[in-house]
Amino acid sequence: MSETREVLLVMHPDRETTKDAAREVATRFAAAGIGLRVIDDEVKELIEQDSLGELCTLVAPHDDPAAGAELVLVLGGDGTLLRAAELARPARVPVLGVNLGRVGFLTEADSDALTDTVGRVVTREYTVEERMTVDVTVTVEGRVVARTWALNEASVEKSTRERILDALIEVDGRPVSAFGCDGVLCATPTGSTAYAFSAGGPVIWPDVEALLVVPSNAHAMFSRPLVVSRDSVITVGVDPHGSPAVLTCDGLRHIALPRGARVEVVAGEVPVRLVRLHPGPFTDRLVHKFSLPVKSWRERHAR
Numbered sequence: 001m002s003e004t005r006e007v008l009l010v011m012h013p014d015r016e017t018t019k020d021a022a023r024e025v026a027t028r029f030a031a032a033g034i035g036l037r038v039i040d041d042e043v044k045e046l047i048e049q050d051s052l053g054e055l056c057t058l059v060a061p062h063d064d065p066a067a068g069a070e071l072v073l074v075l076g077g078d079g080t081l082l083r084a085a086e087l088a089r090p091a092r093v094p095v096l097g098v099n100l101g102r103v104g105f106l107t108e109a110d111s112d113a114l115t116d117t118v119g120r121v122v123t124r125e126y127t128v129e130e131r132m133t134v135d136v137t138v139t140v141e142g143r144v145v146a147r148t149w150a151l152n153e154a155s156v157e158k159s160t161r162e163r164i165l166d167a168l169i170e171v172d173g174r175p176v177s178a179f180g181c182d183g184v185l186c187a188t189p190t191g192s193t194a195y196a197f198s199a200g201g202p203v204i205w206p207d208v209e210a211l212l213v214v215p216s217n218a219h220a221m222f223s224r225p226l227v228v229s230r231d232s233v234i235t236v237g238v239d240p241h242g243s244p245a246v247l248t249c250d251g252l253r254h255i256a257l258p259r260g261a262r263v264e265v266v267a268g269e270v271p272v273r274l275v276r277l278h279p280g281p282f283t284d285r286l287v288h289k290f291s292l293p294v295k296s297w298r299e300r301h302a303r
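Following the working numbering, the numbering of the sequence shown begins with 1 at its first residue and continues without gaps.
Worth flagging that the hints you see were computed from the coordinates, not collected in a lab.
Being a predicted model, the structure only gives us computed values, none of them experimental.
From the three backbone atoms N, C-alpha and C, an ideal C-beta is built for every residue, glycine too.
Accuracy of the hints is not assured; some may be wrong.
Unchecked claim - With a straight-line Cα cutoff of 25 Å, these simulated SDA-like cross-link-like pairs (lysine to any residue) come out:
| hint | residue 1 | residue 2 |
| --- | --- | --- |
| 1 | K19 | D41 |
| 2 | K289 | G33 |
| 3 | K19 | A109 |
| 4 | K19 | G33 |
| 5 | K19 | D110 |
As the list claims (entries may be wrong) - Label pairs and their calculated CB-CB ranges:
| hint | residue 1 | residue 2 | range |
| --- | --- | --- | --- |
| 6 | S51 | S296 | 24 to 32 Å |
| 7 | E125 | F290 | 23 to 31 Å |
| 8 | G173 | E54 | 51 to 59 Å |
| 9 | G280 | G142 | 41 to 49 Å |
Generate coordinates for the entire structure from the input sequences, incorporating the hints supplied.
Here's what the structure looks like:
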């Protein structure tokens, strides 16, 4: 009996280029005998518009839609890929991103390589790597009130623009520094090129087993980013006499933090699996995605 192969497609149905890409993906997978799942009625309708039959199956977004799929294919940028990772992680299904956004640091292929990307999926010419996540626990007066996770970062930030967040950072149960700030970011190596990078944090190669702490606009003499062991426990405490805050994970999951709340961040038990089509080093990806100059000033201006 032949093996049934299915791919879950995650995308935003708003852009015309995304619609065209989705139709191409659906048609090519159908021709190869690979089933396509979608979680949005609108996506299903636009894919099957003007077609002669069903090209995809609608699945419920809250019913483990990636379970049993070969991979999750993302058409969009990093934000769409993070949303897809939320669906893929419980089933431990790998995620493959095709960049239809801007930088698309987490995505593996650009839009002009869509045909080749689909072809590699059909012939299984890809590898899978695991990316570290963080598990996040929120407590208030010693009572656990929330648990969540992040692939990029967990950020504790002030909840109102006009207020300052008074935060205490602890590592492994020992206080490191307390200050007023806009927020504190606890990032993975994967997230070091995202929000933490914009806040002044260092780039960490994804195979480095570490956690990153980056204060955002801190009012303090000592507010440098910290790189700690993956076995460390990072705690961000919200001043019980200060302003409330908000916890945001990957820009997707938001939890209101009352005064006195404590946010504990540790290395995650379940990684996110990413599909890789090209075996090149992370250095090349960094240079390509950020368009970094790799020639000296004299080489660039040689007469």
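Given hint D41 paired with K19 - CA-CA distance at most 25 Å: 13 Å, holds
Range hint compliance [Cβ, G173 to E54, 51 to 59 Å]: For E54 against G173, whose Cβ atoms are near 56 Å apart, the range 51 to 59 Å holds.
25 Å Cα cutoff - pair K19, A109: With Cα atoms ~17 Å apart, K19 and A109 stay inside 25 Å; holds.
K19 paired with D110 [C-alpha distance capped at 25 Å]: 15 Å, holds
Restraint status (C-alpha distance of K289 to G33 at most 25 Å): 34 Å, violated
CB-CB spacing for G142 and G280 relative to the 41 to 49 Å hint: Distance hint for G280, G142 holds at roughly 48 Å.
C-beta pair S51, S296: status relative to the range 24 to 32 Å that was hinted: At roughly 54 Å between Cβ atoms, S296 and S51 fall outside 24 to 32 Å, so the hint is violated.
Consistency of beta-carbon spacing, F290 to E125, with hint 23 to 31 Å: The hint (23 to 31 Å, Cβ to Cβ) holds, given that E125 and F290 are roughly 27 Å apart.
Agreement of K19 and G33 with the hint, judged by alpha carbon distance not exceeding 25 Å: 21 Å, holds
Figure legend: structure checked against the earlier numbered hints; hints not met, in rising order: 2 and 6.
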